[in-house]
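A.B. asks: Read left to right, the sequence shown gives residues -28 to -1, 1 to 292 (mature numbering (1 follows the signal peptide of the UniProt record, and there is no 0)).
Worth flagging that the hints you see were computed from the coordinates, not collected in a lab.
Quick reminder that beta carbons are idealized off the backbone N, C-alpha and C, glycines included.
Keep in mind that a hint or two might mislead.
As the list claims (entries may be wrong) - Restricting the straight-line Cα-Cα distance to at most 20 Å, the calculated cross-link-like pairs of lysine to aspartate or glutamate (EDC-like) are: (1) Lys263 with Glu231; (2) Lys184 with Glu171; (3) Lys88 with Asp133; (4) Lys88 with Glu137; (5) Lys184 with Asp133; (6) Lys263 with Asp233; (7) Lys184 with Glu137; (8) Lys88 with Glu136; (9) Lys263 with Glu237.
To be verified - The calculated label-pair distances, taken between Cβ atoms and stated as ranges, are: (10) Arg227 with Val93: 41 to 47 Å; (11) Ser44 with Gly151: 37 to 43 Å; (12) Gly24 with Gly249: 17 to 23 Å; (13) Gly151 with Pro277: 44 to 50 Å; (14) Val93 with Ala187: 33 to 39 Å; (15) Arg130 with Ala264: 44 to 50 Å.
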Amino acid sequence: MRRGLAMVAAIGSLAATALFVGGGTASADPSADDWYQLRMCESTNRYDINTGNGYYGAYQFDLSTWRSVGGSGYPHEASATEQDYRALILYRNRGWSPWVCAGLVGLSEDGDARSKVQPPVPGNQGGGGGSEAPSDPAPAADPAPTNGAPAYPGRQFRLGDSSEELKSWQRQMGALGYGLTGTGYFGPNTQAAVLALQEKAGLNVVGYIGPKTWAAAWAAAPAPAPAAAPATGYVPASDEACQVGTGSAPAWPERQFVEGDTARELQCFQRQLGSRGYGLTGTGYYGDATKAAVVAFQQSQGINPSGIIGQRTWVAAWQG
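Full structure from sequences and hints, please.
C.D. replies: Structure (structure tokens):
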């Protein structure tokens, strides 16, 4: 959410459908780990942080955005529960777009993103004074498969669909070992699970969810559990990893960078220009400050001052 992003959020008439409880934990969609990775990147998971740069708290709200989602006072003075709640409201209005770090840690949006649906207010939400100590989020336990299927919603679900009803089917499939969570979005992972279930259950392998495929999720035996992927946390770029000041450029990322881009590779370029006096830090976001620095640097090197970071500009940052 930081460093040059416009923070304008409009809150319309909203209906409550989801739960987000505090102390540093989140609802299943996005997962607690998603929120934790975001906070670690934005603020090292510090709810009380105020570095004096105009961004506050675990989610690095600026004041205008904080107030647009119903916050009062300063974000870093609010409880962890309230900061979590305001962050979820913002997510349901704008998805991950307000947070640069969401792109850096590889978060993806679910069916609730940009839905404009406001979550219910936590019962113990506090207002302003003092911050609760955040706790490390514990991942929610996978639900056990149930025998009784909920009523078929009366519609088919296909690739690209988003629906509240789809969440229960996905969660049931996740409990059976098909690697799904209740996002409400029918993406490639859901389609792969549908195809596998249909083949296993002897149904027509069509790739969409009809009444038979819906019921089969509750009638099927659990699939073999896949091997757990190792947990990987967000690791910010360091001067050493970026070869800052060495005179030897890291490998060219094989892509150009322009204003509005967000990328891990940009962190190294920004750190290197910062070491040369251009006032940049490694945010990974190409905003106004980065563009001004790139244009000035290109002019100093006799490179066309296009503001685009191409291979020549990349190499020159270390070797020029």
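A.B. asks: Run every hint past the structure and note whether it holds.
C.D. replies: Evaluated hints:
{"no.": "1", "hint": "Lys263 with Glu231", "result": "holds (7 Å)"}
{"no.": "2", "hint": "Lys184 with Glu171", "result": "holds (12 Å)"}
{"no.": "3", "hint": "Lys88 with Asp133", "result": "holds (17 Å)"}
{"no.": "4", "hint": "Lys88 with Glu137", "result": "holds (17 Å)"}
{"no.": "5", "hint": "Lys184 with Asp133", "result": "holds (18 Å)"}
{"no.": "6", "hint": "Lys263 with Asp233", "result": "holds (11 Å)"}
{"no.": "7", "hint": "Lys184 with Glu137", "result": "holds (16 Å)"}
{"no.": "8", "hint": "Lys88 with Glu136", "result": "holds (14 Å)"}
{"no.": "9", "hint": "Lys263 with Glu237", "result": "holds (16 Å)"}
{"no.": "10", "hint": "Arg227 with Val93: 41 to 47 Å", "result": "holds (43 Å)"}
{"no.": "11", "hint": "Ser44 with Gly151: 37 to 43 Å", "result": "holds (41 Å)"}
{"no.": "12", "hint": "Gly24 with Gly249: 17 to 23 Å", "result": "holds (22 Å)"}
{"no.": "13", "hint": "Gly151 with Pro277: 44 to 50 Å", "result": "holds (48 Å)"}
{"no.": "14", "hint": "Val93 with Ala187: 33 to 39 Å", "result": "holds (36 Å)"}
{"no.": "15", "hint": "Arg130 with Ala264: 44 to 50 Å", "result": "holds (46 Å)"}
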